[in-house]
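Chains as they are written, first to last, in our numbering: chain L, 22 to 745; chain D, 33 to 544; chain Y, 33 to 249.
By construction, these hints were calculated from the structure, which means they are not laboratory data.
Mixed in with the good hints there might be a few duds.
Derived DSBU-like pairs (lysine-lysine); straight-line CA-CA distance at most 30 Å [stated by the list, open to error]:
#1 L:LYS106 x L:LYS69
#2 L:LYS125 x L:LYS536
#3 D:LYS163 x D:LYS89
#4 L:LYS106 x L:LYS463
#5 Y:LYS141 x D:LYS163
#6 L:LYS406 x L:LYS106
#7 Y:LYS35 x L:LYS366
#8 Y:LYS141 x L:LYS69
#9 L:LYS106 x L:LYS512
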Amino acid sequence: MGKPTPHTPHPTSHREVPVMTPRVSPDRIVSTVCPYCGVGCRVDLYVKDEKIYRVMAQEGPPNYGALCVKGRFGLGFLHHPDRLKTPLIRRRKGAELEPAGWDKALDFAASRLARIAAESGPDALYFVSSAKATNEENYLMQKLARAAVGTHNVDHCARLCHSSSTAALSRSLGSAAMSNTLEEIGLSDVILVAGSNTIETHPVVGARIKKAAREGAFLIVADPRRVGLAEVADLWLRLRPGTDAVLFGAMARHLVDAGRFDRGFVERRAEGFEEWWQSARAYTLEFAEETTGVPAARIREAAERYADARAAASYWAMGITQHAHGTENVQALINLAVVAGQLGKPGAGLNPLRGQNNVQGAGDMGALPNVYPGYQPVSDRHVRKRWKALWHVRQPETPGLTMTEAFESIGAANGVRAVYLMGEDPITSEPYQDHVRAALEKLDLLIVQDILRNETFPYADVVLPAASFAEKHGTFTNTDRRVQRIRPVFKPPGEARPDGWITAQLGRRLAQLLKRGWSEAWNYAGPEEVWEEVRLVLPETFGGIGYDRLEREDLRWPCPHERSPGVSVLFTDGFYTPSKKARLLPAPWRPPAEEPSDEFPLVLSTGRVLYHWHGGVLSRRSALSQAYPELKVEVNPADAARYGVRDGQKVWLTSRRGRIRATAWVTDRAPEGVVFAPIHFAEQPANRLTLDAYDPTSKIPEYKFAAVRLEPANDVTPEAAGPG
Amino acid sequence: MDSAPLLLPMLDAALAARGYLEPADIEAAAREARLPLARAWEAVRFYPRYRTEPPEKRFLLVDDPVVRARDFAQLWAELEDAAPRAEAHADTVYSQGLEAVGPALVIEEGARWRVFAPVQAADLQALAMGKLPPHELEALPPELARGGGDLFEPPDPLPEFSGADALISAVREAGLRGLGGALFPAWRKLEAVRAEAADAKYVVVNGDESEPGNFKDRWLMEHNPRLVWAGAALAARAVGASEIIFYVRGEYAAARARVEAARAELEASGYFEELKTQTFRGGGLYVCGEESALLESIEGRRAEPRLKPPYPAQAGLFDRPTLVNNVETLAHLAWIAAHGAEAYRQRLPKLFSISGDVARPGVYELPLGTPLAGALEAAGGDPEDLQAVLLGGAAGTFLRLPEAAELPLDFAAPQLSGDAVGPGALVAFTGDRDLWAVAEGIAAFFAHESCGKCFPCSLGTPHLHAAVARRERGPQTEELFLALEQGSLCGLGQAAPWAVRSLIRRFEGVRT
Amino acid sequence: MSKVSLVVDGYLVQAEPGETLLDAARRAGVEVPTLCFHERTGTRGLCRLCVVEVEGWGRPVPACATEAQPNLVVRTETEALAALRRVVLELLALETDLSHDAGTQTLLKRYAAHPQRWSAPLADRREREPVHDNPFFVRDYAKCYTCRRCIDACGEGVQGVWAYGTTGRGHAAVPGTPLDLPLPETPCVFCGNCLQVCPTGALVPLEELSLAEGGLS
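Based on the sequences and whatever the hints tell you, model everything.
Given below as structure tokens:
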């Protein structure tokens, strides 16, 4: 007791113990990966009569026999009546969607795409890939844009979650992934969790961090809300929303000022210290106390604990990134880790917790407008030359638009005219929802490819029914760079097909119509053949990871050759920047884009709850809905009293952009002056309230800070409210 | 002590206020103690006194080996008959350290607990008329300490601390053993705790005497608590502990009050100096006397024995090195500190709780090695009239007389006969007593007291009780004995079959 | 650190420092029966089925909770141990509905157990009603033998939420919820990690139960 115990594999821990409770004897047990968050829990699905009746966690990493409610009980969507089963086309605007065979639907979609490309150039097309789809499918989607069409207009939802992390980590360290691994949680003697409600959004990791804290790790939580981890933290820094950069800036400044930073590490392994230090001087503890509301002594203790630890790890999520200054927030965390020397060793590191099951993979596969697979910059002539050689088609020179920019451009001259959505529902996920609806209406062509009917469905010109994770082969890459295989449990319903198959079909047709490359290049026999191409084009990262090895081994990238076990701790020798050094960069704090006013006196922050997931498309079509049926907005008791709101009462939340109805949950989880609303409820969309202010570097929207007002709704029906 | 307040005292405060616990009491106590609500609830659902509904009035017949051998069935029938007419619920309660003064009755009303002893069948009949039995007993009568022993004398003046080396070597030379029954050399425990480096160490006085047949610790706590506190304080200084917790059996109200009064007095006189001290009300179950279960119970958990190692000397209360010693052991330690190892070795005093069919039941200080017959005679028993002695207590064995008359009562006894002096109970039975009835009571006791942690004990003790009630013997019963003795996690389950097994081995064919 | 050499059932075993006798036995290919032990939850030492004899030690010790030490001579299958395990298994089977516990069924056969020889069940454990208080799974404690894996998984071992605790004593001890509340009113997060480690089928997903019941009709 007392000492943290590492989660290293134990000789007996890998024994697969089958569940011995044969109420039902399974027709088969399929080993695959949970489709919810980025932890990438490995699961065994027990199937009888084409129905999953039990989900069991596998014993090995990353989840070590544990799951959360979503993976365990939230797969009901697979059998939901809203599953799409037939391709549909809308022959002209205003007509009804009508069923069509695959050939007809694909020809229709391809010819319309090709026509718009011919009329307005390839950049009039926009491709939205999916962090829910496999690596192979993401690779194909960006290849579709870059090779078959000839545009870099491709992006995925990480734009809306960790693009700030990607931007800051890439420029400072040369790699945008978690520097360390989830196995190392037990090795850290200090854990700093910032802007992450890990207990609810990455529950398996949250529970592990909680356990590490019970076993002696010092847990520091920086969050305005009293989230689950804050309750068990040794030090909870309840900062004001939007002041993260000040907090971490002041921590780093204090360490340097007090001579408690890792001078050797900074001298040998970092650059840009002087410039950064000039920019950081203003962030005194006093200034930080005034700005963040956290007492200076606590900031000092946090800094010293973090720096003095043998190994201190930081974890963060949307609370840091989803701001109009998200990149600076992440930069401040990076600067802190560099001056404290907490990089390049086990149990330390900078660890963004990724939200979607394959958001890491979608980025790795180049589903981004500015980089090819492997984060190779589009702006680099040599890089473009390389991909031209690989694909045998000329490569466009200018980076594409980000998803947020693309939606802004719709309707404008030279704007985007056609959008191909793969597993994405922008109406729920994009900020300032009414804007998005208006934009979709202006599109000449909208292709919606999904497993379930979603909010964007009514705007579609083509609907392509896709297979779910449980109906196809492929790989997902989890938040700590682990590449894992998924396997089919069932046949897809109706005529639904895997996303990869659909994309390849469009690729073949577009290549033909647009006369770009060989259409035969799109004749993949299956996902493994796509993956073999990925290994070929990115040998340094994935060369050693083949489907056969994944059957037997746990592998993570980088894994350059067949003998490599994959690298767990990044940056032990050098950073992935040209100079091999970490780059300290100024991380100036800027006030939020929209300040509360007399009319809109409260700050709205949005996010997720345990029982639901993102747009709620999956989770609300499962038993999870029964546990958390409706939107509850967290209101601090003082605010509740001030605005005459009772627990369980219906309220209106109004911003400059719109209003939504919700049920009040009066709780001190929310700090005074802040209300929190989950994003999962399409009919009560929190993103109707958020504003379209963006981070200038990453283009991430400001989801965590909007000025709102709270009023009781008049048709009062008090109901019991609670955590679920 | 960990900075959070302890759970059980907070629950007790709420209990005293209302007589039972409301959910809000439990939630508040859990919050204060910084324990998950489920943990507090485990404690509430473990310790019998934490009721969560307004308690009814209860008449509790004290069930111990002496009354079991005599007129338990008749008394119980009277009580069952009388209780409803007095709008009370009849039940039994296991041994209350009253074997020497019984039969005894407890009347429980709300949080109030009154003891009457001795009671006759007629007294129980009178309960129906609302008439209380004539002899209310607050504490054991002081004169129950018979024959005038050294340990019965208050320590005057209080022994001085002569340094850790000197004290521990005196304890070693004196040959002091753990007198709660385990007989572990006392100096080794002292050395082990002393050798540990830790930010805090504790001394815990085990005053949870709950084993049927024993009442010498009760007498010491009620009549000579200063001696025990002195021993605890010396031991604390010797091992470098900063705090003493005196754990008094939950039902021993007078003992607790007197231990606390002695503590307050010694504290006021400055005797404890920097040492922190507190009196702790025990959980009220036999298993609380197991040293690691006792520590769990102080921590507010279910009193369940821990897996060992680690031993309390390394990781005890709140994971800190802890010296746990029985009340009598610490009394001896204080006496050794006051009079020296040599004087102790000349006397080799040991307290015996002698009850049953002897003329003068009570607490006797006798030299170790006294033959069994000698001890019985000292209490006015006639070995010629006696068929058996239950040695040690419920976790003891039946010795057959006159065969065992010369057995020397010392630590070597187990090597001679397989019997252990244990904490030093002798319950004597004349030839007309039903030893199977006694064994049945003991088996019922173990089934009731099993904590529920390990499978052999939680499953085996009720089946042992059933088997003894059916007077079963034979190979299948022997298998059960073995499973309990060899399989159980702690001494409770391990010792559960001893009494009945010795009965079968030694008295088979004598009585059924 | 150097390995620990010991003998298990005649096999020389090289155990890693810190490993238990159970680990050492597994290294020798010897399967010591256990019911309660679980790596992840930390549950150990309750069922006592894994007790083994160590030469020179008095009482048998639980293999799951005893560290391997150099030069021990361990025996995992003796007549005395078999007799002990048989009694525990028989009483367990008598008092618990083990109809969905294939693991224990196998052990009952392995030790030639005859629960009937102990006559009727004493406790009302088999009479416990299933608890159906949430949208995900059912708690059917007639099938529970209180190994406490679920409690450990919920609390200290894995999840750290403490929606469960042990209630009652002796043979009446059984997992319960704080204040006997329905699970949705406790800190339960429905991770199902209790269900994951339940060896008896006492905790069962609703989907599985309805499939099983549908299969019967």
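Hints, one by one, checked against the model:
no. : hint                : verdict
1   : L:LYS106 x L:LYS69  : 22 Å, holds
2   : L:LYS125 x L:LYS536 : 20 Å, holds
3   : D:LYS163 x D:LYS89  : 15 Å, holds
4   : L:LYS106 x L:LYS463 : 27 Å, holds
5   : Y:LYS141 x D:LYS163 : 60 Å, violated
6   : L:LYS406 x L:LYS106 : 41 Å, violated
7   : Y:LYS35 x L:LYS366  : 27 Å, holds
8   : Y:LYS141 x L:LYS69  : 28 Å, holds
9   : L:LYS106 x L:LYS512 : 12 Å, holds
Consistency with the previously given hints fails for numbers 5, 6, ordered from lowest to highest.
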